[in-house]
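**Student:** Listed below are the residues making up each chain.
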Amino acid sequence: MDYNLVLSIAAHAGFFISLFSVALFHRTYRFVAPTVGARTRHSLVLFAVAALWYTVSPLISLYFFDIGRLVFSLGVALLANSVSEIYFESDRAVVAGRVFTVLYVIMSVAVFFYARHLFVIMGMVMSLIIIAMMYVAAKIHMVSPSPYSVSVFAISGLTVGLAYLLHTGLIFNNPQYFAILVLPTSLISAFLVSVNRSWRHIVNLTVVYFALGTSVPLVVASLLSGEFGIYSLVMTGAMAVMATVIPLNYFLIEAGETRARTPYFLAVTFFSLAFLISTHYVNWAFAFGTTPYTNTDPLVLLFTVIRGQWDYMIVYTDWLLGLIAITSFLLAGIATTYSEKAINRAIDAIIVFDTALVVLGAPPVNAGRYELNVLYVPLVLLIVVAVITFARVAIQLRRSGQGTVARRFVLFIMGALSMGMVAMFSDRLVLIGNIALQLTAIVLLTLSAPAEAIEKFGHVVRWLRRSRREVR
Amino acid sequence: MDFVTVVQIGATLSLAVLAVSLTVFLRRVATVRGKVTSTTFRALVFFGMSSFMIGVIVVVAAFTNDLTAQRVPITIFVVTAMASIVHIATDDRRVHHATYVTAMVLLLAAVTAPLYLPPHTTQQLMLFSLFVSFIMVMILSVWVFWSSPSPFTGSLVALGSSFIVVWGVIATVGIAGNMELMPVIFIPIAIASAVLASILRPWRMIPTLFTAVYAVVNLVSLGVNALMSSEFFTFGFVAAAAIAALATIVSIDFFVEQATSTQAVVPTYIAVSLIAVSMLFVVHSMEWAFAYPSLILRTFVWAEWILANVTIASFMLAGLATFMTKSIRHVRRIVLAITTTLIVLGSDFASAGRWTVEALVPFVLAELAIGVYAYVRTARRLRKLGAKRAASHFVAFMSSIVLGALVVLVSFEIPPVLTMVLFVMIALALTRSSPRRPKLLGRTH
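Note that the protein sequences, when read in sequence, are chains W and V. Sequential numbering from 117 applies to the first sequence in our numbering. Sequential numbering from 222 applies to the second sequence in our numbering.
Take these hints with a grain of salt, some might be off.
Unchecked claim - Under the rule of at most 30 Å between Cα atoms (straight-line distance), these lysine-lysine pairs were calculated in the DSS-like manner:
#1 V:609 <-> V:547
#2 V:547 <-> V:605
#3 V:609 <-> W:255
#4 V:609 <-> W:457
No wet-lab data here; the hints were simulated from the structure.
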């Protein structure tokens with residue numbers, strides 16, 4: 117499979133995702149614009165433009181590296197200006213922010229054309245801008261925590277990663293990291309779409325966009341080169357991610373409405389599980405490329421255990437996501453039966469446990485001395501405890517006459533578990549086992565979702581099609 | 222210094238300590254005989270027996286390396302612990318009788334089986350049945366603790382866990398071959414006697430008694446052995462560490478009492494740092510007695526690293542908790558994560574000889590700087606409120622605790638005489654600034 121192709125499709129996919137989101141945003145904007153102040157309007161427009169600039173830059177970088185760099189820095193400047201429009205109170209400061217942005221843009225272009233060797237200075241200014249953005253986001257978050265502040269903070273953080281990946285050329289040597297190109301794009305686009313809507317769409321859409329942005333390039337590239345193995349696993353994986361969005365959306369609604377701990381933890385579980393599946397198939401595709409099984413007969417391939425060279429950084433990312441998923445799964449189980457105090461104690465204990473595992477799994481500590489599989493042993497303990505807790509809840513539900521709920525509960529646990537199995541043991545199972553587990557997860561999760569969850573997910577799909585008047 | 226002698230002296234001493242605790246326990250239990258149900262009473266008596274047996278196991282292990290000698294003590298421990306838990310868990314007579322029958326069968330097997338069976342078979346059969354019973358004890362005790370948390374059920378869990386420590390100590394190589402296990406050998410005895418002596422009393426005595434027994438057993442055995450082998454300098458060092466450890470122990474009770482009566486977090490953290498620093502002095506004198514200057518045992522270094530980290534982290538948290546009220550929970554979680562990271566990174570397994578704990582000291586110093594900032598801030602506020610004496614006492618007390626941890630951390634870089642002097646000075650400062658006037662014997666109620 118050609119990773120240059122994957123990279124370029126990923127950049128295109130990111131750009132189209134952000135175009136799509138800007139189109140949706142435009143509808144919302146026309147609806148919202150008359151009701152808000154001029155400054156908020158400016159900020160929104162700047163944000164949308166910045167998102168486009170910002171997401172088109174990876175695409176340009178692939179072909180014209182220097183221009184891509186320029187575009188990227190302009191995108192960051194516009195984003196910063198959009199934040200400053202909202203953050204500053206006095207008119208003077210806002211005007212100063214605009215003047216600074218205009219100056220920065222002119223300077224960048226001038227430096228680009230007439231003094232390319234001074235570009236490093238602009239890079240320094242850009243890092244200052246990013247730091248300022250993080251500071252502002254943290255400050256807004258302290259005064260009034262909102263999805264806006266969290267998103268700005270996350271975007272600024274991801275910008276650093278993206279800049280590192282693009283500008284050091286790391287992405288060209290390690291194209292399996294293309295998922296990181298998609299991540300900021302997903303977040304910004306999700307944020308744009310959910311302006312003036314519930315914040316949970318940021319979470320839902322980030323998951324969906326990320327799955328799309330990672331699976332589409334792999335699927336297309338593997339189809340073109342006839343890699344059946346990658347195609348089948350990525351396809352089912354992407355479908356499994358889509359299946360998690362239904363319960364994720366439902367639990368986010370529940371968590372927002374009831375303020376209970378269990379749905380909150382379950383939402384965290386599904387969020388990290390969805391990301392885990394996405395990063396896992398990315399890594400699986402990479403590992404597959406290192407095996408001699410490329411261009412094998414599909415029927416033979418289905419019954420082969422594929423054990424390639426995994427990229428350790430992605431494996432570690434999976435490890436972190438998996439730990440978060442299992443931990444919050446356990447906490448959700450504890451939160452169904454025990455008191456607030458017990459949950460807090462459990463969180464403290466689990467932090468100690470998880471930190472030890474995170475440190476022991478870290479590449480510099482590990483240094484190739486042991487596989488992460490060794491660390492699964494203590495992890496299985498957590499899973500067993502969580503499953504026992506959930507089974508108890510299911511039995512109690514059944515006894516109290518809520519048979520349907522209990523059945524759903526069991527299905528849902530099994531679905532989450534089978535997704536975890538793929539992530540943990542995919543290099544020990546035959547290909548068809550992996551695919552079957554992912555398909556099982558899809559079926560189980562869809563079956564386990566309560567009717568209202570599917571109905572509520574239907575709302576999400578519907579408002580993508582609605583005219584602007586009906587938008588809530 | 223002869224390690225085997227040290228352990229034997231310590232084991233004998235701990236048997237005496239346990240006997241005293243058992244006497245206290247039995248006298249207290251006898252007073253409530255008519256007031257509680259016979260089931261509860263039996264549970265208490267069995268509990269006392271099993272706690273005592275923990276000590277007996279360690280004593281036997283100290284004098285012989287032979288695992289077959291452990292058969293009877295371990296069996297008695299397991300069956301009494303099981304009987305105690307079963308008596309708490311259920312009032313069903315039939316279950317009690319079944320437990321008695323099981324206990325008798327196990328005991329009989331432990332005594333008679335080796336007479337008729339080849340040695341290896343007995344070992345394995347006993348191991349298997351004891352393992353099953355012990356797992357049952359652990360599950361039952363955890364279950365009892367979850368369903369009705371109380372100091373007594375908590376002690377049952379502690380007892381079971383300390384048996385795991387004991388088993389780890391004696392089953393691997395035996396005590397004599399394993400000098401590195403010294404810091405943990407007497408922990409089970411300290412737990413058992415602390416729990417025994419504070420039964421039917423407020424549980425806040427347990428931390429003080431635990432720390433005190435741990436310090437006394439370890440330091441006395443070290444000191445006596447140093448005198449026996451005419452190493453007077455080592456004796457002086459141990460004595461200085463003992464003074465410092467005892468000076469910290471007198472104040473633990475006060476803070477635990479504060480923590481339980483007011484539900485405040487600051488005294489809890491102070492108590493934790495006091496316990497940790499006192500154990501740190503003990504472990505350091507152990508390391509010094511055995512290791513200095515030729516052979517530094519990695520386990521000792523790691524045990525010190527853990528204790529120093531706990532001390533400094535809780536020092537910082539106590540400082541921050543004085544002015545942070547709501548967000549202290551999040552801060553505590555961050556600090557927990559950092560402390561765990563440092564502890565794991567400091568372990569031999571993680572470092573694999575690539576780095577030493579000295580490389581991690583800057584992070585601890587950063588924690589320390591944050592703590593110092595917090596104390597300066599609190600002290601200034603107290604001074605503004607006019608409580609000058611309280612401010613200076615508070616700061617002096619906390620800084621001497623953390624100074625103790627620091628002295629231990631840098632101890633191999635400075636002359637030992639200076640360490641000894643610093644220990645004594647820290648003891649003096651702690652006693653001067655302590656909220657509790659020292660008494661010869663701690664109050665028992």
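**Student:** With reference to the structure, classify each hint as holding or not holding.
**Tutor:** Hint-by-hint comparison with the structure:
1. V:609 <-> V:547: At roughly 27 Å apart (the allowed maximum being 30 Å), residue 547 of chain V and residue 609 of chain V satisfy the hint.
2. V:547 <-> V:605: holds (23 Å)
3. V:609 <-> W:255: Status violated; Cα separation ~36 Å.
4. V:609 <-> W:457: Cα-Cα ~37 Å, so violated.
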